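Engineer: Model the full assembly from the supplied sequences, consistent with the hints where possible.
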Amino acid sequence: MVSVQNLAVYFGGTVLFEDLNFQVNSGDRIGLAGRNGAGKSTLMKILAGWINPSEGDVARPREFKIGYLPQEFAHKSTKSIREETATAFAEVQRLGAELERITHELQTRTDYESDAYSQLIEDLTSTQERFDVLEGSRTDEKLEKVLKGLGFSDEDMERRMADFSGGWQMRVELAKLLLTKPDLLLLDEPTNHLDIESIIWLEEFLKGYPGSIMMISHDRRFLDALTNRTLEITAGRLEDYKAPYSKYLELRQERREQLMNAKKNQDREIARLERNIERFKAKASKASFAQSLQKKLDRTERIEVDEDEIFAMKIRFPEPPRSGKVVARAENLSKSYGDKNVIAPFSFEIESGDRVAFVGKNGMGKTTLSRIIAGDLDYSGELETGHNVALGYFAQHQTDRLQGDHTLLKEMEYAAAQSDAFTRIRGILGAFLFSGEEVEKKIKVLSGGEKARLSMAKLLLTPLNFLILDEPTNHLDIVSKEVLKQALVHFPGTLVVVSHDREFLQGLTNKTLEFTPRGIKTHLGGIDEFLRNKQLESFAELERDKAKKETAAKPVVQEPKPANRELQQQAKNLQKQVEKAENQVQKLEETLAGMDAKLQDGEQFKTLGAEFFAEYEACRKKLDQAMAEWEKNIDELAKVNAQESTS
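In my numbering, each residue's number is its place in the sequence shown (first place is 1) plus 1025.
Worth flagging that the hints you see were computed from the coordinates, not collected in a lab. Quick caveat: nothing in here was measured; it's all calculated off a predicted structure. A few of these clues could be false.
[Claimed, not checked] For lysine-lysine, the following BS3-like pairs were computed, each having C-alpha atoms within a straight-line distance of at most 30 Å:
#	residue 1	residue 2
1	K1070	K1272
2	K1101	K1467
3	K1605	K1664
[As the list claims (entries may be wrong)] Restraint ranges, calculated between C-beta atoms of paired labels, are given here:
#	residue 1	residue 2	range
4	W1075	S1359	40 to 48 Å
5	K1206	K1623	31 to 39 Å
6	D1140	D1249	58 to 66 Å
We put the beta carbon where it would ideally sit given N, CA and C, even for glycine.
Structural biologist: Quick look at the structure:
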C-alpha cells in the first residue's frame, strides 16, 4: 500500500496541485485522468521517486517496489535487445552467480566440520530457494514471451538497441518493467509507441498482472478494459471515483450538475447576506447584527465549478479549396534503406473524400509511406499528386519541430508568415485552449499534450483539402482527442490517418491499408470491420494449422516397398545402441540424484570427503558422454530410417 498525504507542487507562484490525499491499495487498477498540464505525469514522477514534491509525503512499505514507465526515455545502451531486457533479471543473475560460487567452494574446500562450511550449506539452500521462487530457470522463456508480445521478432532480439528508434527502445523499457513485476506499476501513456496488435497483447497481459497498476492513457478502450478506479486531477485538487473511465465520466457529470445546483443556491444566499449587510451596517442599532452576518459570510466556503470542466477545444477546419477527383496515385512505389526493403512495390489510388487508416505493426512502413505522400521523403516508382491538392502533414514527432524558445504566439506568427492568417492566430490558439497570458508561454515549458495541441493548431492556419496525420493523438488527453475526432469527422476533404487508437479510428475512416511483412493489403471498411476480419483470418489460420496437424497424425496407407535388408540390419543395430545408451543415462542420473540428496542433507554432508566430490565430478562427466552418445545414435538412426523409407 502507498499512502499520499498533503501532496503539493508549486512552480514559481503557480499552484500545479495541492493537498492531494489518497492511497493505492493492493489490487488497485487506477486510471489517472485530467486535462493536459494538470500534473498527471508530475504526480507519477513523485510516486516513482524521480522528483520531490513542494510539500507532503509519499509513504510506502519497506521492500515495496515501484516501477515507472515515462512517456519518453533517452536510451544509450550498447547492448542487444535481449541483453538489455535481461537486465530485468538482475537478482536472478546475481543468485545464479552466487549458486556457482557456493557450489565451487563446497567442491574444493575440505574443512567439512567447520562452522564456515555449515554456513555455506545453509547459504546454498536459501539461495536456491530464492532462485526457485523467482523462477530463475525460466528467464529466457519469460523474456521471449514478453518481447514477442510487444512486437519483436527472433532476429530483432540479437540486434543492438542503437539500431532501433526511440519508440522501439521504449518497448524494451516496458518489457523490463513487466518482467521485474514491481508491486506498483506506473505507466505513463504505455500505448503511445505500440501498434494495435501489441496493445491488445499488453491489455491481456495486464489483466493477469499480480501487482497494483496506475496508468495515464488516452486510449479509452484500454482504460475501460483494465481499470477499476479513476483519480482525476482537476483545478489543483484530486477527485476519487471507484469506477473505470466510462463510468467515471457519468459520475463526474452527475457530480458537476450537483455542484452547479449547489453553487446557484449558495450564490443566492450570498447575495441575500450581502444585501442585508449593506442595509443594516449604517444603522447603529443593527450594526452588531450586520457584523455577525459579515462573519458568517466570511466563514462561507465558496463552491466553485472549475472552468476547465466546462471548457473544451472548439476546432473547425477552414473551408478547403476543391481538389480533383484523384488526390494521389502511385504505380510500383517502393522504398529501401540500403539492403532493407521497407515498402515493396505497391500501387494505390486515393480519391477525393477518401478517409484512409494506415494500420499494422511498427516498422512496417506506415510513417515512411505517409512521408512519401507528403513529399517529405524520396522513393522509387511513380507518385502523382492530383489537381489543386492543398496538403497538410502532421508528423509523428511533430512536436520536436517546435522552437522551444519561441512563445506560442511567435511560433504561430512564424508559421503564418506565408499565409493571410495573422488576424486569426489568437482565435485559433483560443480554440485549442490557449488564451490570455498563456500565448506568451515559452514552448519549452509546455507539457507533451499542450505541444501536440499547438502543433495541430498550426494546421488550421491554411485551408487544406488533404490531411495526413501520423499518430495525431499521442500525448492528447481523452477530451482533446474526442474534440479533434469530431472536427475530423466534419472535415470535408481527404484524410489519411496513421493510428493505433481503436477508439479514435472508429467511425472516422472508410478504408484501411494494413502494413504487413508480406506487403500492404487494402481493406474496404472502417477499423471495426477490419478487426473483425482479422479475427476471422486468425481463426481460419488456426483451423488450417489444426487440420495440418490432424492430417499429419493420421497413418498414411501406402503400397509396401521392397525391403532393403542392409538398411534394416543397420537400423536394428542402431536401435540396440540407442537402448543401451538410454539405460546408461538412466543409471547415471539415478546415481547423481542419490549424491545430490546427500549434498542437500546437512548431517550427511558433514561426513562427505574429497573422494565423494571426485566421484561426483566423474559421474557428471560420464553422464555428459552418455548423453552425447545417445544423441549421436538417435541422429544416425533417424537418417537410416529416412533412407529406408525413400529406397
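Engineer: Do the beta carbons of K1206 and K1623 sit within 31 to 39 Å of each other?
Structural biologist: Given range 31 to 39 Å: holds, Cβ gap about 36 Å.
Engineer: Please work out if K1101 and K1467 have their alpha carbons no farther apart than 30 Å.
Structural biologist: holds, 29 Å
Engineer: Within 30 Å, alpha carbon to alpha carbon, are K1605 and K1664?
Structural biologist: holds, 19 Å
Engineer: Within 40 to 48 Å: is that where the Cβ-Cβ distance between W1075 and S1359 falls?
Structural biologist: The hinted range 40 to 48 Å holds for W1075 and S1359, with Cβ atoms some 44 Å apart.
Engineer: Is 58 to 66 Å right for how far apart the beta carbons of D1140 and D1249 are?
Structural biologist: Once the Cβ atoms are compared, 60 Å apart, the range 58 to 66 Å for D1249 and D1140 holds.
Engineer: Holds or violated: are the alpha carbons of K1070 and K1272 at most 30 Å from each other?
Structural biologist: holds, 27 Å
In this structure, every one of the numbered hints holds.
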